[in-house]
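Enquirer: Given next are the chains, with one letter for each unit.
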Amino acid sequence: MFDASFFWGLFPIMFRYIDTTLGISLASLLLALLIAFIIAGAYYLEVPVLKEICGAWVSIFRGTPLLAQLFWICYGLPQLIVPMQKLSTMTLIIWGVAFNASSYMSETLRGALSSVNKGQMEGCLACGMTRFQGFFRIVLPQAVRVAVPGLSNNFVDIIKQSSLAFTLGVTEIMAVAKMEGSTDLKFLESFTAVMIVYWLIVTFFNYVQKLLEKWLSRMY
Amino acid sequence: MEEVMLKITNLHKEFNGNKVLCGIDLEVHQGEVVAVIGPSGTGKSTLLRCVNLLEMPDKGEISIGGVSVTAPKIDRRQQYALRSMTSMVFQQYNLFNNKTALQNIMEPLMQVKKMPKKQAQESARRILKSVGLSDKENVYPSKLSGGQQQRVGIGRAMATHPQVMLLDEPTSSLDPELVGEVLDVVRKLASRHMTMLLTTHEMDFAKGVADRVIFLSDGRVLEQGTPEQIFDHPRSPRLKTFLSHYRH
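Note that the protein sequences, when read in sequence, are chains A and B.
Per the numbering used here, the very first residue in the first sequence carries number 2; after that it's consecutive.
Per the numbering used here, the very first residue in the second sequence carries number -2; after that it's consecutive.
Among the clues, some could well be false.
Said to hold, decoys possible - Now the stretches of chain A that chain B is said to cover, found in silico as 3 or more residues with beta-carbon under 8 angstroms:
(1) 121 to 133
(2) 136 to 142
Stated by the list, open to error - Short derived list, chain A residues pointing at chain B, Cβ under 10 angstroms:
(3) Asn118
(4) Arg146
(5) Val149
(6) Met220
(7) Tyr221
Worth flagging that the hints you see were computed from the coordinates, not collected in a lab.
Beta carbons are placed, not taken as given, at the ideal position from N, Cα and C, and that holds for glycine.
Sequences are here, hints too, so could you generate the full structure?
Expert: Below you can see the structure in the form of structure tokens.
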């Protein structure tokens, strides 16, 4: 019923493709964070025009399914924006996952920013600092500490969402599980194995999160 | 008479139709300490917060040093220019929680005065010493008592050498036994002829430190004069009633 040697044999194969999964996840994380910070900053500082654009961005990427967004970015948009055809599917997937995650992460950051007492910004303004200085030097650093658990949660979602890359023909661990499983029709073994690998990755990053939180709370 | 440092003309402010300031006229001279007293909710804090534009006045004129602005049309550049003439001590201290005591004072020096780090550090150390907290320079606000936090707050407000210092109920959230240390620092500033506009509930403090006392009631300056005139010879019935609550 359950082919244990086949099951164990899958792990070395999957570990060979784990860099694709991690690559998509980490690259998406960085891009998503960058965008999320811009969105949250635009909201907090009420930057005209940019704030409206960011509002539309969040609404689009939070209001539609990720799979649809990935297909739109990989197959749809390149028909309109021809230079995009030169980009690899991998790059476009990173964009898609990052754009989607940025909308959630910006909300996490926005919540964290509003948790910082208004008096902090008033303290900055009262001693002559600009709103930008107050935001970047005082309010944002305090908000980030509050946001870490939420952002980590968003990152766990990114890791799991990277599995959608296989629907676009990128071979990462989910695709390997599908391919290996279908050669001998041993789906129970292959999908059990892939779930374990995802669980291990997520558990590892949860541990990193704990360390990060500990380090951040050591300061003040 | 010393020159006028702060001049407020016909200042109005309302919150959602609730009129808080109804035409305030006020002058503070260089080196003068002016205490604003009055019942709760009468607009004392709002008045101070309008002076440095943390609240935007609906109408009126404010001028400090060479900078003058006319509400409601005050752009960002004017806001920063006016604020750079002042500094504020808050009832809730509002120290930067992610900075140590020393860094709290260095921050405006480096960000506003563009002072190099080394120089800011030396300057901040001197200030910390003058408020008696040299041993706390690497301590974060969360680990300081209320009185210590407020002394750092005053130090931060001194750092940028403001033309006018605004103190909004500097002792109101302190335990009674911590009030003294903060008042001492304020008295020390007064003796150095720092121009100060402050609000307070401590009548003895107002009496001791202020050159002039303003009685604010229902958004208007009802009476003003020397501490002696206000506390010993109040004229209006409203002020008499108010003061009777503080007499034993």
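Enquirer: Hint by hint, note whether the structure agrees.
Expert: Results for each hint:
1. By the rule of at least three residues with a Cβ nearer than 8 angstroms to a Cβ of chain B, the coverage given for the stretch 121 to 133 of chain A holds, with 10 such residues.
2. Coverage of a stretch by a chain is defined here by at least three residues with a beta carbon nearer than 8 angstroms to that chain's beta carbons; for the stretch 136 to 142 of chain A and chain B the count is 3, and the condition holds.
3. Hint status for A/Asn118: holds, given a least beta-carbon distance of 8 angstroms to chain B, under 10 angstroms.
4. For A/Arg146, the shortest C-beta to C-beta distance to chain B is roughly 8 angstroms, which falls under 10 angstroms, so the interface hint holds.
5. Because the beta carbon of A/Val149 sits about 14 angstroms from the nearest beta carbon in chain B, more than 10 angstroms, this interface hint is broken.
6. Nearest Cβ of chain B to the Cβ of A/Met220: about 7 angstroms, under the 10 angstroms cut. The hint holds.
7. For A/Tyr221, the suggested interface contact is upheld, since its CB lies about 4 angstroms from the closest CB of chain B, less than 10 angstroms.
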